[in-house]
Amino acid sequence: MIKRALISVSDKRGVVDFAKELSAMGVEILSTGGTAKALRDAGIAVVDVSDYTGFPEMLEGRLKTLHPKIHGGLLARRSNPKDMDDIQKHDIKPIDMVVVNLYPFEETVSKPNVTFEDAIENIDIGGPTMLRAASKNFQDVAVVVDPDDYKNIIDEMKSSKGEISRETKLNLAKKVFAHTARYDTLIADYLTGVTEKEPSFPEYFTTSLKRVSVLRYGENPQQKAAIYKERTNGLSLPDAKVLQGKEMSFNNYLDAHSALMLVLEFDKKACAIIKHNNPCGAALGDTAAEAYKKAEKADPISAFGGVVAFNTEVDGAAAKEMVELFLEVVIAPSFTKDAIEIFSKKPNIRLLELSNMLEKKKAASWDMKRIAGGMLLQGWDYSGEDIMTMKAVTKRQPTKDELEALSFAWKVCKHVKSNAVVYAFKDRTAGIGIGQTKRVYSAKIGAMNATEPIKGSVAASDGFFPFRDGIDVLHEMGVTAVVQPGGSVKDSEIIQAADEYNMAMIITGTRHFRH
1 MIKRALISVS DKRGVVDFAK ELSAMGVEIL STGGTAKALR DAGIAVVDVS DYTGFPEMLE
61 GRLKTLHPKI HGGLLARRSN PKDMDDIQKH DIKPIDMVVV NLYPFEETVS KPNVTFEDAI
121 ENIDIGGPTM LRAASKNFQD VAVVVDPDDY KNIIDEMKSS KGEISRETKL NLAKKVFAHT
181 ARYDTLIADY LTGVTEKEPS FPEYFTTSLK RVSVLRYGEN PQQKAAIYKE RTNGLSLPDA
241 KVLQGKEMSF NNYLDAHSAL MLVLEFDKKA CAIIKHNNPC GAALGDTAAE AYKKAEKADP
301 ISAFGGVVAF NTEVDGAAAK EMVELFLEVV IAPSFTKDAI EIFSKKPNIR LLELSNMLEK
361 KKAASWDMKR IAGGMLLQGW DYSGEDIMTM KAVTKRQPTK DELEALSFAW KVCKHVKSNA
421 VVYAFKDRTA GIGIGQTKRV YSAKIGAMNA TEPIKGSVAA SDGFFPFRDG IDVLHEMGVT
481 AVVQPGGSVK DSEIIQAADE YNMAMIITGT RHFRH
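Everything in the sequence shown is counted per this note's numbering, starting at 1 for the first residue and increasing by one.
Treat the hints with caution; some may be incorrect.
Per label pair, the in silico range of CB-to-CB distance [as the list claims (entries may be wrong)]:
| no. | residue 1 | residue 2 | range |
| --- | --- | --- | --- |
| 1 | S10 | H90 | 27 to 33 angstroms |
| 2 | P221 | K174 | 25 to 31 angstroms |
| 3 | P81 | D367 | 51 to 57 angstroms |
| 4 | Q496 | L254 | 39 to 45 angstroms |
| 5 | F513 | K210 | 27 to 33 angstroms |
| 6 | R370 | D469 | 31 to 37 angstroms |
By construction, these hints were calculated from the structure, which means they are not laboratory data. All of these numbers come straight from a predicted model, not from anything done at the bench. Even glycine gets a Cβ: it sits at the ideal position worked out from N, Cα and C.
Take these sequences, add in the hints, and give me the full structure.
In structure tokens, the structure reads:
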């Protein structure tokens, strides 16, 4: 039975009503500082922790609850006679419930101009210590860290004459250890961020992810799934505001991520359409509508049921074009009122507004990929080669139009599954060859996917050409210029083939595999 509770919270949401209910059931309440004042102001009887311990708060509030009379009351096992003799001998009373949430470290370090000193002062010491002590002794102590649990706890106590079941206490303890683990991870991440100029791979990697929602299913209906959010000052897709539409699915999030990362490659107004985590069309335009029409025209069959991203505001003209086709998701930095009204006639289309996407083009932290029994960490691929300033390795140099087309194709190719070959003009994709085991197959399939004549286009390859057969195929398709990373033992043969066809070829020295 809950007879004594210690309440000390930073987040005071609902705590007064909770304490009133406890007090009405005869629970003695210990408290500290601002929490004690809030409860007293509400007419609730409170015993100050300092009065109970006989030791004053000191060090400007740093030392309040770190005392044997507190932790003895939390850790004493009620079924252990020696424990109970020990606390009785030292005038320590059992504490049956701890209600604590921690200094707002996460909120503090999220402020743009937070000082290191302010961050350090918001590292809670007494709170986590009480939470962990109470959770270790969960059989005898109920520990509450989440205000959303207040109602259920009161309901259970009322229905069981002031008691809380072992199952409930165990579930509360599990929540606490997850909470304190995340809290410690946030602190470690912050300290790492302010002490290291360059990101490094720590011996022990920890991360803090908070569940946003449970999804209907994963990649397939038989797979369970959820989306989690990390604390970051960088690009964050889970922070996108959902303006309308059905619940986002696992695959929607994957495709929206790919579309977002691609469209943010461009400074000019751009649109990218993603299907099955690969681009099926990308284009530049003077308006969002123009960019979309070009991107959709590149492969209108694949665009059906696709995910569309813009790096510019979506207006009514663009919305009118998009509602003509079944689309899953549209993501943009903003939508005009006209656009939202037009989309409302297609309520199943999910509209995601990520207002800071242009300001925060890059994701922080690491690109993480799970493998069986482990995880691979790498930096995000933000390498941005300036194709416009590069010289060709062939006899012929590319024209200005070819350079612009090569630059565009190279940016798109980076976001296509390997092996990839992208045919493009300077403002749009013309054909995309995706994920083949042989690069020459990617060249052939990219041409097969084209919905307009590709004679006079350029081509980009994410990896080197191992043999000249890929160049032969590009020539057959009418390609005039190529960009590729180079690095093959047959580079000289590849360059010679390009010269035979009077192609211009740029070798970047940087590959962009995407597996």
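> Looking back at the numbered hints, which does the structure fail to meet, lowest number first?
Replying inline: none
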